[in-house]
Structure formats: structure tokens, C-alpha cells
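Chemist: So you can see what is in the structure, the chains are spelled out below.
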Amino acid sequence: MFSKLISTILALGTSVFTNIQGVDAAFTNGLIEQRGQRVVISSELTNCWTEEFDRILQSGQIVKITYRLELFTENGLLPESAISITHEIRYSALDETYTVHQSETDQNITSSELTHAKLFMSQLKQVDFLGVADMVNDKTYYLQTSAHLNRIMLPGMSEELNLMAYWKSIRPTFRSEPFKKADFSL
Amino acid sequence: MKKPRLTFRTQIFLLMLALVIGAVYFVRSYFIQSLTSYQAQVEVIDLQNRLKSMYHVYVDSLPPEAARTYKAELEALVNDINQLKLSGEFQNRDLALYSLFILIFITLTVGGVFLISMNVITRPLVRLQTAVEALSVGNFNIRVEESPRSPINPLIRTFNTMVSELEENRRKLLQAQKDMVWREMAKIMAHEIKNPLTPIQLATQRIEHNYLNQSPNFQKVLTESTRIIHEEIASLQRLVRAFSAFAQMPALQLEIYDLNEQLTDLRDHFKDESEIELHLAPQPIFIHADRLQLRQVWVNLIQNAILSKKSDTVSQIVIKTESDLGRVLARFSDHGTGITPENLDRVFKPYFTTRERGTGLGLAVVQRIVELHGGEVTVESEFGQGTTFSISLKHQQQHQES
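One line per chain: the protein sequences are V and U, in this order. Everything in the first sequence is counted per the working numbering, starting at 1 for the first residue and increasing by one. Everything in the second sequence is counted per the working numbering, starting at 1001 for the first residue and increasing by one.
Hints listed in this document are in silico derivations from the structure and should not be mistaken for laboratory results. Please read all numbers here as calculations on a predicted model, not as lab measurements. Be aware that a few hints might be false.
Straight-line Cα separation of at most 16 Å, EDC-like style, residue types lysine to aspartate or glutamate; simulated pairs [claimed, not checked]: (1) U:K1394 x U:E1380; (2) U:K1085 x V:D128; (3) U:K1394 x U:E1255; (4) U:K1071 x V:E159; (5) U:K1052 x V:E96; (6) U:K1085 x V:E52; (7) U:K1052 x V:E52; (8) U:K1071 x V:D95.
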């Protein structure tokens, strides 16, 4: 009974107060370009790390950023095409190295520098999105890119920690300029 | 500038609030300090770095497969330690914030509960206080309503019962007083009527006797007896007029006049019967009063003093006047026989007298007229030494200044 009361008070408290200083993560340098007969996407997530976040990374917790790339027609409610990409980082305390796994290439990149590792986490480099031929003539498209973080469970804590709190619980989203199939050369 | 004073309820509330905040703050500080101390000890052990050293010392001596397993196991262990440390820091930080929230919550809750409880207790108490005040000014119809769940309901019930009993006792007392007054009045009336009746009866018997005996002095007897009868009838008429005047006090005819002047005139009026010494205030004392009725008051007091003089002495009366703080005080002192302590409380009661031929209305009239003027009359007396009557009236300040 008493613990329920305390939990309720804490739940109310967490909804009003938070200890976490969040940042306004945002996409920059968004680029849609043609590579052969494929449309590739590049972008970078900036202002997405905090000091506390770094300490979570150094604790050996797996931190994952999931990127969602969606192609919308001008008035469409549902995406015409969509892919999800994950960038996952893991710290090895014994080697003192950071390993980033990028799902779009299924490659592991290892670095002893946290700055480099964070860059690998936050950059999307020429991600193969769709074939030019898959687009329909006369339709106007735009690309929407968003990202979100996973939840982690630390030992000794009763609840999962939602890492999105470090982004003020807001998914950074980027919407491109409208484009058409004709903008790409077949 | 006057300092604002906190009510008792506010003082209790603030004290309670300070105690609650202090207690919760103490508990909060204790837990934070304990956790911080624990973390500092963990930090001192430096387990993760010792595990790292162990790894580097032994990894090269192990076969590749065993080295991988060894590394995985140790790495999981170091990660757990690091995460546990981080978790501790987060919990410490959360504790600091949420305990503050709990502190606010408890303070508000306890404060609210306290205020409601105080209200439950004090509201009926305020009603009780109001009722007591009403009772003190003679309102015996007052009753206090009980409040639901109030702990002082038994007190309220007792109070209501007490007021009912008081009202009943007061009613009985009033009735008893009325009966007593009527008995006293009947006794005085009987006595006062009996006194003239005896000479009247004797006079008529004398006339009858002389007439039947055809006395040669009959004419003379008739004349004397008739005079006696007339005198006694006149005495009876005076008695009736005095009672009638007391029963029908005329309405006040208020005017502003100088009290000192009125008392000076009275001294001259009584100069053959008493030596009146005046100690009047140096400046005129203007009062807003019925001149004739107040004259009656002063006359009654002077007559009372004259009648209470010791035998074989000359009546001496000292009259003093003074004004202060919007009130006028007139004192009438004599060196007469004084009043016994047991009679002192009864002197203003109608029909109360200790004299053979008094009506018992003189001082009752004094009190009645003074009270009609919003004033007060008091008496101090030492039996065998003398009596002082003090009359306090409102002072007509503005008129005095003009």
C-alpha cells in the first residue's frame, strides 16, 4: 500500500520534473542524389550527444539509433516506400574501443576515439533508398527522415531508462524539398 | 508602527510545517549522504580497473578460444560494474529530485490535513465563543449547533444544557424577585396606608363619641378631627402620587446645559437644611440631559444624605464634579449613618427602605434616570462613617470647546 503510494507520487513527480538535461537533436546536410539507377540518401544527426550520454556509452550499454527513411507523395498519408536503418554502438572496457555496427552496410567500425564513434553513429552516408525506376512519373515526392533511440536497463534500476529523454522525447525529423522522377536521369 | 501579530492557529501551523519540512529534509539528507558514501567506497575499490589489469596479465598466456571466453566473461563483469556505478549515480540524482517532490507533497498533504483538522476543531469553538459572548449580554435563547465529527460536540452539548438550565433558573429567579418585590411593596403600602388610617379612625371615633354624648366641645372636636382627617388623606395622596410618578417616568427632554450651574443653584435651595460644600470643576461642564429629571436625581441624593445624618449633628454634604475622557463624574459624599454591607446591594431596588416613613423609591428613581441618560450610578459606604454616590454621565465635549 505504502510502496504503491510512493510509486504513484514518483510517477506524478517524473511527469512534472526530470533530472535529464535534453538537447535539440536535428538532421543537417540532407542530400538526395543518384548513384547509378539508385537514389541514395545522406544526412547527419547533429547536437544529439550529451555528457551523460557519453557516460552511458562508456558503461558498455548498447545504444542504438534507429533511422527511418520514408518516401511520401505530396498528398499521401502513408509512405510509398520506407526503410529502417540501425546504428549500434558498444564499448569494450577491456580493449577501450568503441564498435559501431551500421545495418545499411552490415559493417562494424571500431575506433578508440569516442568522437569518431559518435560520428559513425550519427552519419548516414549514401544510404541506398530506392531505384529511380520505382518512382512514378508526374508524381511529386518528398523524403522524410527521422530517428529515435532505444530504452536501456541498468542494473539496480527498477525501470528502463528511455534514452529519448536526452532528446527531450522528440524524434528529430527532416523533410526534404519536393522532387520528381524527372529530376533523376534514367 | 504596530507589528502584525500571528494568530495562535497560524503559529501552530507554521511550527508544524517547520517540523515536517525539517524531518523530511533530515531523512532526505541522510539517504543521499548514505548513498554518496557507498558510492565513494565503491570508487575506492576500483574494481573495474583491477579486472582490466587481470585481463591484460593473463590473456596472452591463454589459448585463443579460452582467451575469448575469458575476455567475454571479464568484459561482462566490468560492464556490469560500470553500469551499476552509473545506475547508482542516476539513483542518487533521482533521489535528490524526487525526495524534494515527496517533501513538497508531504508538506502540502500534512498542511492540508492540519488546516482541515484545525477548522473542524476551531469552527465550533468560534461558534461557542460567539454564544458565550451572547450569553454574557443576557441572550439566553442562544444555542450552539453541533458540527459533524467535531471532537468538541460533548462540550457543545454540555454548554447547551447549561444555557437551558441557566435560562430556567433565571426565569425562576425573576419570578422570585417579582414575588419578593410585590411582597415588599405590599408590606410598605400596608404600612404607609395603615399610618394615616389610625389617626383617621381615632378622629372619626372622637367625632362619633362627642356627637352621641352631645358634648359641648363637639364643634371644636369636629374641627380638629376634620383637620387631622384632611392631613392624613393628603399624606395618602402624596404616597399615591410618588408611586404613580415612578411607574410612569416621562420621556427625556434633552438640552445642553452647565451641570456646575445647576448644582450651585441647588446648594442655595437646601441652605437651611444642610451645609453643602461644592468642589466643582474650574470650567463649565456641559451635559446633554433632561434638566428637570437630573434635578430630581440631585435632589433625591441630597435628601437622602440629609435624612441619613446622625442625630444631634448638622447635615454636611460634599459635592464634587470633574470631567475626563468624555465622561462627567459627580460625587455626593456625606458623613451620615452609612449603609450596612448587606443593604448596599439593595439600595437601588424599588420600595426598599430602612426608614420608618420612606417610600423606597428615591434611589430607584435616581438609578432609573441616570440609566436613561446612558450613565451609571455607584455607591460606596462605610457603616457609621458615611456614604458616597458617584454618577457618571456623557460629557458634551464640542459644546464645551465652543
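Chemist: Each hint should be assessed against the structure and marked as holding or not.
Modeler: Quick rundown of the hints versus the structure:
1. U:K1394 x U:E1380: It is violated: about 21 Å lies between the C-alpha atoms, which goes past 16 Å.
2. U:K1085 x V:D128: violated, 41 Å
3. U:K1394 x U:E1255: holds, 13 Å
4. U:K1071 x V:E159: violated, 29 Å
5. U:K1052 x V:E96: holds, 10 Å
6. U:K1085 x V:E52: Given that 16 Å is the threshold and the Cα spacing comes to 13 Å, the pair holds.
7. U:K1052 x V:E52: The hint is violated at about 23 Å.
8. U:K1071 x V:D95: With Cα atoms ~10 Å apart, U:K1071 and V:D95 stay inside 16 Å; holds.
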